[in-house]
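Letter by letter, the chains look like this.
2 protein chains.
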Amino acid sequence: MTHLFGGLEAGGTKFVCAVGTGPDDIRAEARFPTTAPAETLHHTIEFFRQHEGLAAIGVAAFGPLDLRHDSPTYGHITSTPKPGWMNADIVGPLRQAFNLPIGFDTDVNGAALGEWRWGAGQGLDTLLYLTIGTGIGGGALVGGKPIHGLVHTEMGHFRLPHDVQADPFPGACPFHSDCFEGLASGLALEKRWGAKAETFGPNHPAWALEAKYIGLALMTVICTLSPQRIILGGGVMGQQHLFPLVRAETQQALNGYVQSPSITQHIDEYIVPPALGGRAGVSGAIALAHMALG
Amino acid sequence: MTHLFGGLEAGGTKFVCAVGTGPDDIRAEARFPTTAPAETLHHTIEFFRQHEGLAAIGVAAFGPLDLRHDSPTYGHITSTPKPGWMNADIVGPLRQAFNLPIGFDTDVNGAALGEWRWGAGQGLDTLLYLTIGTGIGGGALVGGKPIHGLVHTEMGHFRLPHDVQADPFPGACPFHSDCFEGLASGLALEKRWGAKAETFGPNHPAWALEAKYIGLALMTVICTLSPQRIILGGGVMGQQHLFPLVRAETQQALNGYVQSPSITQHIDEYIVPPALGGRAGVSGAIALAHMALG
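Sequence lines, in order, name chains A and B.
Residue -10 is where the first sequence starts when you use the working numbering, and the numbers rise one by one after that.
Residue -10 is where the second sequence starts when you use the working numbering, and the numbers rise one by one after that.
Not one of these hints is a red herring.
Pairs involving identical chains hold if they fit within one copy or between any two copies, as the list cannot separate such chains.
Derived SDA-like pairs: lysine to any residue, alpha-carbon spacing no greater than 20 Å straight-line: (1) LYS71 - THR29; (2) LYS71 - GLY245; (3) LYS71 - PHE164; (4) LYS180 - PHE158; (5) LYS71 - TYR246; (6) LYS71 - GLN248; (7) LYS134 - ASP114; (8) LYS134 - LEU113; (9) LYS134 - GLN217; (10) LYS180 - VAL153; (11) LYS134 - GLY112; (12) LYS180 - GLN228; (13) LYS3 - ALA25; (14) LYS185 - LEU198; (15) LYS185 - HIS230.
Bear in mind the hints are in silico, worked out from the structure with no lab data behind them.
Next comes chain A alone, as it looks inside the complex:
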């Protein structure tokens, strides 16, 4: 029997709700702007109410989130600067409205899980999905499940070597200045070069520097997580010409230290774009619903 699932991609600017079985079978979809929590969740609940026979609902949300099942604030967004959303309860109103299993995780863990189930990470034990857009975030699966641990991963916020002679830009992160996100996000690109990255041609000097930082960051996650594949999504990675540069920088950064054919010989299949493209967000939410059903 094929179950029908609800998926909510709860983003900071818009909510996308869908009903379906997977990325190739979305039977209904609705999107509305992220206004106040009560209003936005009201629209969400109204949408899902129109669809009978859901087996579970999955929520892939912007964070940071409380994912600890034994916490009184499980299912809440926690310390977001987004007005009105600090400590907003997402799962609670859905639980009250529907007597269904509710899956809940970060948008990036959802995206990783969607790619693992239907996309570029199928069958892998250990997978990293990294989105490089306005900000940088990442979701990691080990044993086919998102890592939670203390809270959840914050893949944009570790530090990298930053040669201020070669790149005097001080970094754009309000917390850490020149962490990975501070140096390499779409926002950092725009601030460093004074124009939006979409307007740069492929020979713009921004790209070599960008690939260098991404390569150093991938070295870090290869050393700390040893993923079997790395999927790079997000608006910045929409620049397809970045992939070969990033692969070369990653190899150069590792310098032969990790002796795996995936890195030394087949890096084209190791660092890859997402397979689900524009459906990644909603697919991730539906994948979380799958997992919630068990």
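Please build the complex by placing chain B on the supplied structure of chain A, with the hints as guidance.
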């Protein structure tokens, strides 16, 4: 019923073999220098042959290792520079000699598992054990199991910010110069300051710099793995006065970004020394035997 296990701590300078049920019940032990593989494994097998009724044997070995069960070279040490040991088969000779489940993992994953079972990481889902000695390595557990993924983690080899004005030492790593190990291992301390770290008093300027690098490295693993606790072992961390400095540097590096009470309020219980001390290696090997039995 309490099972009796064999544990082999296969180190680069010595092999330690033990029989017991856990760190508080080691019934026999033998140690011999790491000479050629055939000779050293011969001694190992002779030791275990003297003990009847073993339920499983665990091996915690120096690496890098092939841990992929479906690989033709599973159970081998792979690309070590140690003469004679490149591609040495560790598990094969033990399998031939004993009809027992054989657990096999890196020394640091073993140590993490030992601390998880009997020491400072009991009951946690996600745990990091980092050893800072002559070299730097780390083992991470997710869901109570070591992460393998592509190969295994290499926690000493990600890069950190390195202010060459403040610290002109170029780094000691032959692969990456100023990676974490290259900047902060015992070997790096000795090369930077021209003397062994054990000879420095607690007010030596080495320690503030050392704590800064370790704090930046812990920020990295907190962002990429989100461990519920971090255990710091190894000879350098034998300097107990480093712990408060490392905790403060970790908090400063994160700058309030990861809003968990473990970091903001209870960091004394979050970044801790190992509980098993000198028994960590053999305990790790016995813990791997436990896991192999299932």
